[in-house]
Every structure is written in structure tokens, then in C-alpha cells.
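So the sequence lines, in the order shown, correspond to chains F and B.
Letter by letter, the first sequence follows residues 0 to 252 in our numbering.
Letter by letter, the second sequence follows residues 51 to 329 in our numbering.
Each statement offered as a hint is correct.
Below, a list of computed lysine to any residue pairs in the SDA-like style, where the Cα atoms sit at most 20 Å apart: (1) B:K151 - F:Y162; (2) F:K246 - B:E183; (3) F:K246 - B:K177; (4) F:K160 - B:D144; (5) B:K80 - B:I54; (6) B:K151 - F:P168; (7) F:K241 - B:F180; (8) F:K160 - B:P138; (9) F:K246 - B:F180; (10) F:K246 - B:F176; (11) B:K163 - B:K235; (12) F:K160 - B:I152; (13) B:K122 - F:P145; (14) F:K246 - B:S185; (15) F:K44 - F:F32; (16) F:K40 - F:V29; (17) F:K160 - B:G124; (18) B:K151 - F:L146; (19) B:K177 - F:W247; (20) F:K246 - B:W139; (21) F:K246 - B:L184; (22) F:K241 - B:A179; (23) B:K235 - B:K269; (24) F:K241 - B:P138; (25) B:K151 - F:W163; (26) F:K60 - F:I46; (27) F:K246 - B:D144; (28) F:K160 - B:L105; (29) F:K246 - B:M188; (30) F:K160 - B:G104; (31) F:K40 - F:Y6; (32) F:K2 - F:V231; (33) B:K166 - B:L222; (34) F:K241 - B:W139; (35) F:K160 - B:K151; (36) B:K151 - F:I167; (37) F:K141 - B:P138; (38) B:K177 - F:H245.
It is worth saying that the hints were derived from the structure and are not from the lab.
Read off the chains here:
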Amino acid sequence: MKKIAFYLILILIWEVIYKLGVEVLGIWKVYTFPSPIAVGKTLIKLIADHTLGIAIAASMKRIIVGYLFSAMIGITIGLIIVRFKYLDENFGALILGLQSLPSICWLPFAILWFGLNESAIIFVITIGSTFAIAMAIESGIKNVNPLYIRAAKTMGASGLKIYWNVIIPASLPNIITGLKQGWSFAWRALMAGEMLSATKGLGQVLMVGRDLADISQVMAVMVVMLVLGLTVDNLIFGRIEKSIRHKWGLDRS
Amino acid sequence: MSLIVEGVTKSFMSKHHKIYTLSDINLEIKKGEFICLLGPSGCGKSTLLNIIAGLVEATEGKVILNDHVVKKAGPDRAVMFQESALFPWQRVIDNVEFGMKIAGLPKEMRREKALKYLKMVHLTKFKDAFIHELSGGMKQRVALARALTLDSEVLLMDEPFAALDSQTKLILQMELQKIWWETKKTVIFVTHNIEEAVLLADRVLVMSAGPGIIKKEFKIQLARPRQLENIDLTYVLADVMKELKEEVEKVAKAEYDNDWNIEKDSILSHSDPDLGSNL
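Next comes chain F alone, as it looks inside the complex (with noise of 0.2 Å):
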């Protein structure tokens, strides 16, 4: 409830803001600064000529194709680096590197190699978040608590079974919070990868808005954007993290 009243007034100073700057002081033009009512009713709009709805499934399919393609690869990744000490030390620097590399710069080399298509997109996404799991995986499991290795050892549990049951669980807390972290690099890859080489998706409607002067559909689609990505985040990823953090008793403050 306060929450609402919270964003209401934010809306509120918003309008009032317009109103000043564009209509009566003249200091913006109305194509660069719109107005929350021109966005809810570019919003309605778009969602009427199923534009919105059209996008937002095109998005979604490639984003949870490329997700799932990164986490499978950056768990594989996590998991070998973690095994093979030789690995760690030779490749962890270029992990490093790589997920810091802006995932939008894989884009002409993943155009030149697949062409302006679909695959080109959830190869952006994948490599743009995968390197991101890989490192919460490993980073994980080298912090799980020697002291439970020990234990599990001392109850008669070696190779495979000390994995399932011990480093596996002891790690997931860390785990989660880096397939949330892939997530959010994979959404941000998507974004990208739309905007510059699609032709639907949720990035091309805000694309269009750019080439058509009209702020008002930006402004939506970037409101689309933030709710879809709060949304997952809290529904999907909070949801998780919470209960593990509850398990644990990491949520007592």
C-alpha cells in the first residue's frame, strides 16, 4: 500500500514536472520529454494492436532459449574449472575477462557467423551470461565449508555421493544467486541484441519509437522492460533465494 502511494506521487511529480518543463516554461520539446499520460496511453495502444504482446513473446522465446542454453554451458564450464585445478588457474583469468566483456560485442561476430537472425540474438544472450554462471558456480563450490567435506567423509561418502549430497546442496545458495546474476546479463543482451538486429522483440519496438521521434512509445516500452525484468526477478529468483535463505537462517538480521 505504501508501496503505491510511493509510485503514485513519483508519477505525480513526473506530471507536474511535463507541465512545467514542456507547456509552460517551453525549456524541452514534447518529443523529448513526454508525459506518464501520453506513456500509459501510447502503453494501451500498443497493447490493443497486440504490438506489445507480439514483442514481448518474441523477446521471451529467445531469451529463455538463450538462458537455458547459458546455464546448461556455464554449469558445465563451473563444474570442469572446478575439477581440474590446471583449468582453474590457466583459465580463470580469461572467465574473468570474458564476462566482462560487454556481450553486445559478440554481435558482429555472431552476425558474420549466423546472420542478422534468431540465432545470432540467443548466441548474444547465451555468452553474455553464461560466463557470469560459470564463475557463481565455481566460486560456490570452492566456498563450501571444508568442514562439511570432512563430515560427510567420516560417514562413509566419497566421489559422486559427497557432490550430490553435500557440495551440491552446501553451494546453492551461491548458485542461485548467480543464475539470477546470468539472468539479468542475459536480459540485458537481449535488450541489446534487439535493438540493434531484430526485427521483433520488444528492443525493435523501442527501436521503432527512436526512428518514428515518438518519446511517449520509448518511455512504454522502457516501463515494459523494467516491470518484466522486476517481475521475474522477485517471482522467479526472489522466491528461491528467499526460501534457501530461510532454510539457512541467512534471513534472521
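Since the structure of chain F is provided, determine the placement of chain B on it from the hints.
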């Protein structure tokens, strides 16, 4: 059953010379005996326990349990650590069942046995609690129950009560005495607390630091159940304490500044000695 420690040595190389954490330790432990390894910190008592547990490899020598040389950790030697080492992602009952699950016991059997041992440590009420909801003493109780479910002949305990407050510690010591009496396990108990050692052990092995050796052995022939306030226990205690004082001093001298002295620092002197001259 027999547990034999034969010529166990643990050493590592520092910059120029070899440092011996343990030097030629020989032990023979009988079935059902309660052994306390007593010594100041740094004397290698935990290392010895870990070697027996199979968690640490000895540089030389071997540990033989029932005619088999110990190579790695296993459920025939249950271990209890100073921190409970319970798994925070599982409920209490699942923690207690862990060893049996690894051994592949069927579900109902596991549950039944886990409850039996949880009952022994008086924690059935908390069987569905998460680990972080338990107090320090309760955690060690669960850890004890978990160790007991392995049905091992040997129970190794590495300062299990050291992190607890003294009341809780006392209760747990009494209960351990009782559980040991009931289950007839062979216990090797590491501690730096002399009272604890005398209270619990059949034999107290006093260890000495640098290099780690077993300096002296005390047979504690007191009736059970023992209680800390018994006068004969206090008498034995004084005996062991004398032995250990030298050790503590030796270790402390290596760690503290040169001007430290156990005699000097245990007397409260005042710079203005008033011997009642103004009465």
C-alpha cells in the same frame, strides 16, 4: 576389537628444517575404553585424532583398526567435531539420517533408527527444526545422535564441548558418560580441559608440544557415574594438573614475549604494598 596406533609421525618442512607435529606415537586402545587426549593447544592432539579418523595422512606409521590399516575416513570411525558440522540445508531428522542414507538403508529403517538416537539425546521434539533454530548445545546433541547412527565401534570426538557455555557443557558431559555406558563404544576424546578429561576418561594421555609426544599416561580409576564435585576426583585432578602446567608454560613461552612468567603473572602484586601498617 583393537585399535592400534603404530609409530605415527607427522612432520612438515618449514624453511630450513623439519617440524614435527607428532613424533612416533604408539598407542593401544582396548574395546570399550574411554581415552582422553589432553594437552595444550598446538600439541598435535587434534592432528592425531584426524589421523585416526583418516582425514589426515600420517607422514610415517600407521593406524590399525581390527587388523586393517586405516587409509581413509569411513563410517567405522564416527567423528564429532568442535563445530557441529550439521548441514544447514537439511532438517534435524535428515541430518541424523545422513550416514544411513549414504549407506543405502531403506527409508523406514532410517527414520526409526534416527528417532531412537534423537530420543537418546532428548531432541525428538526438534526433529523437524532447521539447524539454525538450534542452540549450540542442541547442535552438538544432534551431531552426537548422527555419529551414533553409524553403529561404529569407535567414536572420535574433537573437543566437542569446547565452544559451549559451562552449564551446557556439564550437562552434556554427564550425558555422554551415560550414553557411552549404554552403547559401550570405544571413545577417543580430545580436549584441553583437564576436568573434562578426568571426569570422562578411563585413561588420560597427556600430550606435549614440540615435538608432539605422549608425555604421560594417567589411569583414572574412579567409580562411575562420576561427578565433578566428588572429592576423590578433585584429588586426581590436582595430580594431572601439575603435569599439564609445565606443558602449558612451555607452549605459552614459545608464543608470548620473553618477560612472561607463569609464577609472576599468577600473583597479584601491587606497587604500593600496604601490609596493614596503618591499622
